[in-house]
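Given chain A, put chain B in place with the hints provided.
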Amino acid sequence: MRKIELLSPAGDLERLKVTLLYGADAVYIGGEKYSLRANANNFSLDEIREGCLFAHKLGKKVHLTLNIVFHNEDMSGVFQYIDDVVDCGIDAFIVSDPFLISYIKKKYTNCEVHLSTQNSTTNYKSIQFFEKQGIDRVVLARELSRDEIGEIINKVDTDIEVFIHGAMCTCFSGRCALSNYVTGRDANRGGCSQVCRFSFEYGNKKDFTFATKDMNMALYIRDLIEMGVRSLKVEGRMRSLYYLATVIGTYRNIIDDYYSHSLTNDKMKVYQSRLDRVANRETSTHFFTKKADYKDQYYTGRSEVSNQDYLGQVISYDRDNKLIKFYERNYFEVGDLIELFTPFGDHVEFVCEELFNEDMVSIDVARHPDSIYFIKLDTNVSICEYSMLRLIKKNNESR
Amino acid sequence: MQLLVEFENKSLSCLNSVDGIILPLIDYSVESVCFFSLDEIINIKNNNKIKVFVKINKNLFNSDIDEVKDILIKLDNINIDGIFFYDLAILQLKSELKLNVDLIWSQTHMVNNYKTCDYYYDMGVKYALLGKEITLDEVSEIIQKSKIISMVEVVSKPSVAFSYRKLLTNYFNDINEEPINNIKVKEKVTDSFYDIIEDDNGTCFYLDSITNGTSVIKNLYEMGCQFIIFREYGIPNFDSLVVDTMKYISSGCSSKNYVTKYKKMGDSTNFFFKRTIYKVK
Numbered sequence: 026m027r028k029i030e031l032l033s034p035a036g037d038l039e040r041l042k043v044t045l046l047y048g049a050d051a052v053y054i055g056g057e058k059y060s061l062r063a064n065a066n067n068f069s070l071d072e073i074r075e076g077c078l079f080a081h082k083l084g085k086k087v088h089l090t091l092n093i094v095f096h097n098e099d100m101s102g103v104f105q106y107i108d109d110v111v112d113c114g115i116d117a118f119i120v121s122d123p124f125l126i127s128y129i130k131k132k133y134t135n136c137e138v139h140l141s142t143q144n145s146t147t148n149y150k151s152i153q154f155f156e157k158q159g160i161d162r163v164v165l166a167r168e169l170s171r172d173e174i175g176e177i178i179n180k181v182d183t184d185i186e187v188f189i190h191g192a193m194c195t196c197f198s199g200r201c202a203l204s205n206y207v208t209g210r211d212a213n214r215g216g217c218s219q220v221c222r223f224s225f226e227y228g229n230k231k232d233f234t235f236a237t238k239d240m241n242m243a244l245y246i247r248d249l250i251e252m253g254v255r256s257l258k259v260e261g262r263m264r265s266l267y268y269l270a271t272v273i274g275t276y277r278n279i280i281d282d283y284y285s286h287s288l289t290n291d292k293m294k295v296y297q298s299r300l301d302r303v304a305n306r307e308t309s310t311h312f313f314t315k316k317a318d319y320k321d322q323y324y325t326g327r328s329e330v331s332n333q334d335y336l337g338q339v340i341s342y343d344r345d346n347k348l349i350k351f352y353e354r355n356y357f358e359v360g361d362l363i364e365l366f367t368p369f370g371d372h373v374e375f376v377c378e379e380l381f382n383e384d385m386v387s388i389d390v391a392r393h394p395d396s397i398y399f400i401k402l403d404t405n406v407s408i409c410e411y412s413m414l415r416l417i418k419k420n421n422e423s424r
Numbered sequence: 013m014q015l016l017v018e019f020e021n022k023s024l025s026c027l028n029s030v031d032g033i034i035l036p037l038i039d040y041s042v043e044s045v046c047f048f049s050l051d052e053i054i055n056i057k058n059n060n061k062i063k064v065f066v067k068i069n070k071n072l073f074n075s076d077i078d079e080v081k082d083i084l085i086k087l088d089n090i091n092i093d094g095i096f097f098y099d100l101a102i103l104q105l106k107s108e109l110k111l112n113v114d115l116i117w118s119q120t121h122m123v124n125n126y127k128t129c130d131y132y133y134d135m136g137v138k139y140a141l142l143g144k145e146i147t148l149d150e151v152s153e154i155i156q157k158s159k160i161i162s163m164v165e166v167v168s169k170p171s172v173a174f175s176y177r178k179l180l181t182n183y184f185n186d187i188n189e190e191p192i193n194n195i196k197v198k199e200k201v202t203d204s205f206y207d208i209i210e211d212d213n214g215t216c217f218y219l220d221s222i223t224n225g226t227s228v229i230k231n232l233y234e235m236g237c238q239f240i241i242f243r244e245y246g247i248p249n250f251d252s253l254v255v256d257t258m259k260y261i262s263s264g265c266s267s268k269n270y271v272t273k274y275k276k277m278g279d280s281t282n283f284f285f286k287r288t289i290y291k292v293k
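Protein sequences, first through last, are from chains A and B.
In terms of the working numbering, the first sequence opens at residue 26 and continues consecutively.
In terms of the working numbering, the second sequence opens at residue 13 and continues consecutively.
Check each hint, because a few of them may be wrong.
[What the hints assert, rightly or not] DMTMM-like mimics (lysine to aspartate or glutamate), calculated; alpha carbons at most 25 Å apart, straight line: (1) Lys132(A) with Asp211(B); (2) Lys419(A) with Glu378(A); (3) Lys231(A) with Asp211(B); (4) Lys110(B) with Asp76(B); (5) Lys157(A) with Glu108(B); (6) Lys22(B) with Glu108(B); (7) Lys320(A) with Asp186(B); (8) Lys198(B) with Glu226(A).
No wet-lab data here; the hints were simulated from the structure.
Extracted from the complex, chain A is given alone in its bound form:
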């Protein structure tokens, strides 16, 4: 059985490296042109080249989004850009425009083309159309049920990719121009201002809102693998390193445990709890098991949770002196219960007993984000750069 792919977002080179180290099999990135996140940092050609080299050394892949809805003026430069990024080593394009699908497939037989979810593909017959155009993979719409996904897989030859985690569009992807009309920012060219998270006045009643909860399919990874899905996609090119490391690392654990027949209910509880701790909104499985309803909507306004569990990003570990050197991210104190987690999948829970500032002066509190601190930990676990520290419990809280 071909092992399912875990596909991570990467908004910049550091996120690309971290998510691959934390277990993604491939990443998808946006270049400086033609990507639906025009306002993200995005990758220069040099960064794409470096990212591809990094990924390929690990035996992993880089997919590039080329999924805006093209206007006339966008077409003039896109052909040269395609040549350039192929030269950088990308493995696949994510495209919504069938003209470009056909163009790329004719010119670059060794480069895969994936149909973007921007096309909102909801049935097997439209995939059969794209199969004739040479498409290698289809990213399905997020409006499909388990049975519908299963039927599609049974009726097409193309690889199928599905979203498993992250924020959702309220409308069909590609079928929404609210951003254009409300803010003048082109939703389908990378400028989406997420109007579906705005609130609208409705007479004297509670404001009309229609944002959706985020997606979390952790409990159904087993089903998706057994149905024959080829790739599991996580949303969030603009998410933090900590979020991505946690989410990708957790799904890596779930997938690997499935294939090694060791995915137990107890383990799933731990994995779900890790995902919950980095979530800043409530989550749901939306259309997978039923038609989405009001329980899948997010009616609590914009009071999204600011996550302060992330305590630090590890720079190095001095095994002789048992000291972790790290950049602080959030305030914590001696006595707090902390978890160290690493790109290798290890998790170590410990109480912070000794903490030092950059001058190795013993302190009780790490209170300055981005400053360098040291924390004492005696462990045999392999600790490398991009390992992370998170808060499990404050000293003065019950767990």
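Using the frame of chain A, we list chain B on its own:
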């Protein structure tokens, strides 16, 4: 240049005044307010000499495919003048079933460049309904450079988004009130209003402001646009507008009175003269 009209109700009041009509097929079309059964469509086609186009523009699901296949065959048999499609399954079915019916690429916000229009033309698609979020210059370039026959929506309250979710049912459920299927809301910062209408296929958002493109009809005429579209929903005195527009077109768009008269519908020309931005840095 020909005028196609999509009506707000089944009275089809000025049916014989126009070049053609667009009939949304019930259960299979969205972003419309008045729907027709297949039998009604066949009856209208068989009893009128105008062009009859059918709209099948929902995102199709697996369970829709067999019935859509039958519908396409029936529409092909009555020589319907064209089908507005969103889902590529329609194009695939036309090919598989070897149908003669003409298709109109009608992917709402995606029909924005001449290269992709030509791609669809080469795939056997005769017409394209251009996106409403492009400028008149972009429309002109598509008309000049593409082999496809362009259609341009000129007068309407534009549909701006469509969700598979029952957003009104959900909202009223949240506030513990009996759902209604049509509300008007206000966006607070821009003070702009939107109509939200829910039906069995999902929820559609309409801008509650008329795109009044009567002043650009002459431009479109001169650039060789072959079809313009008016949608009746939310447009006052629609019959008069249609009759006057037909006269205006037949006069070669030479009457200044026409444009002056219909300034009263408002000064929004949507994106004809306004570019959207996508980089805010």
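Evaluated hints:
no.	hint	in the structure
1	Lys132(A) with Asp211(B)	violated, 44 Å
2	Lys419(A) with Glu378(A)	holds, 13 Å
3	Lys231(A) with Asp211(B)	holds, 22 Å
4	Lys110(B) with Asp76(B)	holds, 19 Å
5	Lys157(A) with Glu108(B)	holds, 12 Å
6	Lys22(B) with Glu108(B)	violated, 33 Å
7	Lys320(A) with Asp186(B)	holds, 9 Å
8	Lys198(B) with Glu226(A)	holds, 5 Å
Hints 1 and 6 from the list above are not met by this structure, while the remaining hints are.
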